[in-house]
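Visitor: Below are the chains, spelled out letter by letter.
2 protein chains.
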Amino acid sequence: MNLKLNVVPFVSVDNMMKLVLTIGVERFLLELAECIEADFRRWESFDKTPRVASHSREGVIELMPTSDGEVYGFKYVNGHPKNTREGRQTVTAFGVLADVATGYPVLLTEMTILTALRTAATSAVAAKHLAPKGARAMAIIGNGAQAEFQALAFKALLGIDTLRLYDIDRSASAKCVRNLAGLGFSITVCNSIEGAMEGVQIVTTVTADKQNATILTDNMVGSGLHINAVGGDCPGKTELHADILKRSDIFVEYPPQTRIEGEIQQLPPDYPVNELWRVIAGHEPGRTGDRQITLFDSVGFAIEDFSALRYVKRQIEQTGLSDELDLLADPDEPRDLFGMLLRAAATPNAA
Amino acid sequence: MNLKLNVVPFVSVDNMMKLVLTIGVERFLLELAECIEADFRRWESFDKTPRVASHSREGVIELMPTSDGEVYGFKYVNGHPKNTREGRQTVTAFGVLADVATGYPVLLTEMTILTALRTAATSAVAAKHLAPKGARAMAIIGNGAQAEFQALAFKALLGIDTLRLYDIDRSASAKCVRNLAGLGFSITVCNSIEGAMEGVQIVTTVTADKQNATILTDNMVGSGLHINAVGGDCPGKTELHADILKRSDIFVEYPPQTRIEGEIQQLPPDYPVNELWRVIAGHEPGRTGDRQITLFDSVGFAIEDFSALRYVKRQIEQTGLSDELDLLADPDEPRDLFGMLLRAAATPNAA
Numbered sequence: 001m002n003l004k005l006n007v008v009p010f011v012s013v014d015n016m017m018k019l020v021l022t023i024g025v026e027r028f029l030l031e032l033a034e035c036i037e038a039d040f041r042r043w044e045s046f047d048k049t050p051r052v053a054s055h056s057r058e059g060v061i062e063l064m065p066t067s068d069g070e071v072y073g074f075k076y077v078n079g080h081p082k083n084t085r086e087g088r089q090t091v092t093a094f095g096v097l098a099d100v101a102t103g104y105p106v107l108l109t110e111m112t113i114l115t116a117l118r119t120a121a122t123s124a125v126a127a128k129h130l131a132p133k134g135a136r137a138m139a140i141i142g143n144g145a146q147a148e149f150q151a152l153a154f155k156a157l158l159g160i161d162t163l164r165l166y167d168i169d170r171s172a173s174a175k176c177v178r179n180l181a182g183l184g185f186s187i188t189v190c191n192s193i194e195g196a197m198e199g200v201q202i203v204t205t206v207t208a209d210k211q212n213a214t215i216l217t218d219n220m221v222g223s224g225l226h227i228n229a230v231g232g233d234c235p236g237k238t239e240l241h242a243d244i245l246k247r248s249d250i251f252v253e254y255p256p257q258t259r260i261e262g263e264i265q266q267l268p269p270d271y272p273v274n275e276l277w278r279v280i281a282g283h284e285p286g287r288t289g290d291r292q293i294t295l296f297d298s299v300g301f302a303i304e305d306f307s308a309l310r311y312v313k314r315q316i317e318q319t320g321l322s323d324e325l326d327l328l329a330d331p332d333e334p335r336d337l338f339g340m341l342l343r344a345a346a347t348p349n350a351a
Numbered sequence: 001m002n003l004k005l006n007v008v009p010f011v012s013v014d015n016m017m018k019l020v021l022t023i024g025v026e027r028f029l030l031e032l033a034e035c036i037e038a039d040f041r042r043w044e045s046f047d048k049t050p051r052v053a054s055h056s057r058e059g060v061i062e063l064m065p066t067s068d069g070e071v072y073g074f075k076y077v078n079g080h081p082k083n084t085r086e087g088r089q090t091v092t093a094f095g096v097l098a099d100v101a102t103g104y105p106v107l108l109t110e111m112t113i114l115t116a117l118r119t120a121a122t123s124a125v126a127a128k129h130l131a132p133k134g135a136r137a138m139a140i141i142g143n144g145a146q147a148e149f150q151a152l153a154f155k156a157l158l159g160i161d162t163l164r165l166y167d168i169d170r171s172a173s174a175k176c177v178r179n180l181a182g183l184g185f186s187i188t189v190c191n192s193i194e195g196a197m198e199g200v201q202i203v204t205t206v207t208a209d210k211q212n213a214t215i216l217t218d219n220m221v222g223s224g225l226h227i228n229a230v231g232g233d234c235p236g237k238t239e240l241h242a243d244i245l246k247r248s249d250i251f252v253e254y255p256p257q258t259r260i261e262g263e264i265q266q267l268p269p270d271y272p273v274n275e276l277w278r279v280i281a282g283h284e285p286g287r288t289g290d291r292q293i294t295l296f297d298s299v300g301f302a303i304e305d306f307s308a309l310r311y312v313k314r315q316i317e318q319t320g321l322s323d324e325l326d327l328l329a330d331p332d333e334p335r336d337l338f339g340m341l342l343r344a345a346a347t348p349n350a351a
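Protein chains in written order, with the working numbering: chain A, 1 to 351; chain B, 1 to 351.
Just so you know, nobody snuck in bad clues.
In this list, chains with the same sequence are indistinguishable; a pair is considered to hold if it fits within one copy or across any two.
Here are the simulated lysine to aspartate or glutamate pairs, EDC-like style, with alpha carbons at most 16 Å apart: (1) Lys4 to Glu324; (2) Lys82 to Glu333; (3) Lys18 to Asp326; (4) Lys4 to Glu86; (5) Lys313 to Glu70.
Bear in mind the hints are in silico, worked out from the structure with no lab data behind them.
Predicted, not measured: the structure shown is a model, and the values here were computed from it.
If we strip away everything but chain A, and leave its shape as in the complex, we get:
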């Protein structure tokens, strides 16, 4: 038990990398997926709200809070597609867990890497329930920062071992091939989206442009396919032609948010969609037939971050991979905040 009330455990980028490597990427993804599934099963016990977004011409900054009544979590995350041109990440994030009973933060952590992991884990959880049984081959359209995490999550949870890659920039595909070498995949880099789709049971779209794009058109999508649509995740940013949506059974995280941010922003606001948590909880079926086209319209939801934050908190308690952050004022007498300041003036190392 931590008796230093001023201290909040902090997981730096460096410690997050050490944590992921200590556990192993695939085991991390598997265990994180279990946490996400467990939290989706108790979906109704969470306070849910669409993320609080601040949009600008260049991108978006979002706060994503949720609480289960005992633990509160939120993530700060940005999305700025132009960032990569200046050597920055499109998406950076950090997150906080807090104790609902006291309001005190109990964890601050980088979440750029963690978001990549939780997004991939959530995709694989959805695919476990929605993809055709025995799927081995997946196309990945868009080979940026998220691609390898998706590949490894689908390998860990579904046994995907055949990848067909396409990116408008061939160097992105080459980077994926390099990074995934020796990790158990058979990989083909393709010259076209159509080529990448040949013979796959799953397609993951994860492109990054902030605009309505048409990565997949209707003619590319054969019966029985599972579409894992990850890239369309804010207003005005979609990846699929609307005709595909109309042929698919659509599964979403939190409908009020997905209707604003997901592929289904192209559809009428009352268009029927299925909630993924109801499938995971066993209230509704996932895939029901061989010819069914299933679509996971992923935008990312606060509960997934909550699961990831709690998982990381447990892991750093076991590994010690965190620093102590002097974040909270802790006067000897709680009402004496000003006195703490006065006493700091009296100590020799104060300025």
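Chain B: place on chain A using the hints.
Guide: What follows is chain B alone, placed relative to chain A:
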């Protein structure tokens, strides 16, 4: 210019105390008040939203974001009145500034101390426009963590030098007397609220119970008084009898938030109130007569935190009172987040 893209400047509690002491509490309050006034004058250039609150039986956790289109800021803050019984603060807070153009955080700072300072500075800014001219004496009802900051802000901005203190717990008043000794006040500790109100031109109510209380009743409030109502700041938590509100000209920060959280939650939702920023900007008068009762129904608004965060950022750039936090993943090639992880595995100090 900071070329280490992974690093965010962090102001610990220790460095915040050093910063406040280096600048001096009263000068800090004066300069912060100038920043708040400057931002209130350009009120219309901010994105405004009521805070995002997660209420529980014990308290509330809130996120307070705002942006002026160039800089984005938010504060995490809790309010848990029971905390003091366990040696914790009722209110703790931290805050973040980010660059709207990139979405990258540029400052993380403790805000427990900073919130106390900005709340007091905002109260004094309001009183500058609303209190009777030449006011010298102020009653402070509730002598907890906020009391000394209020006293010093009113001294710095208005020249208040006479304090009349009342708290249900006399040890709280004694703490105030001790902490304010030698700072230029004439202080009387009173046995009753009525006693504390004798001869004052301003009353500050800053009690902490999370319930509808009646700290001031109508008969206590004489003509010409300025009421600085700080403690009522969440649904179900008020300090003034509704009859006082009806005799007062009421000034608020952001009406959609104050109607939920402030004293005016006791009034009909269309009850007329004045916006403080319009007074500061010169669009509307503040106090207009000697017998007028003015009420600043303070709940705290995100723009005040934004002002405080920007002020602190400038000050740490001058004083160097910050640490470097490894918060943002920064791969050599932005799309190669996974490769960064792989390369960390290859470095000798990685686990």
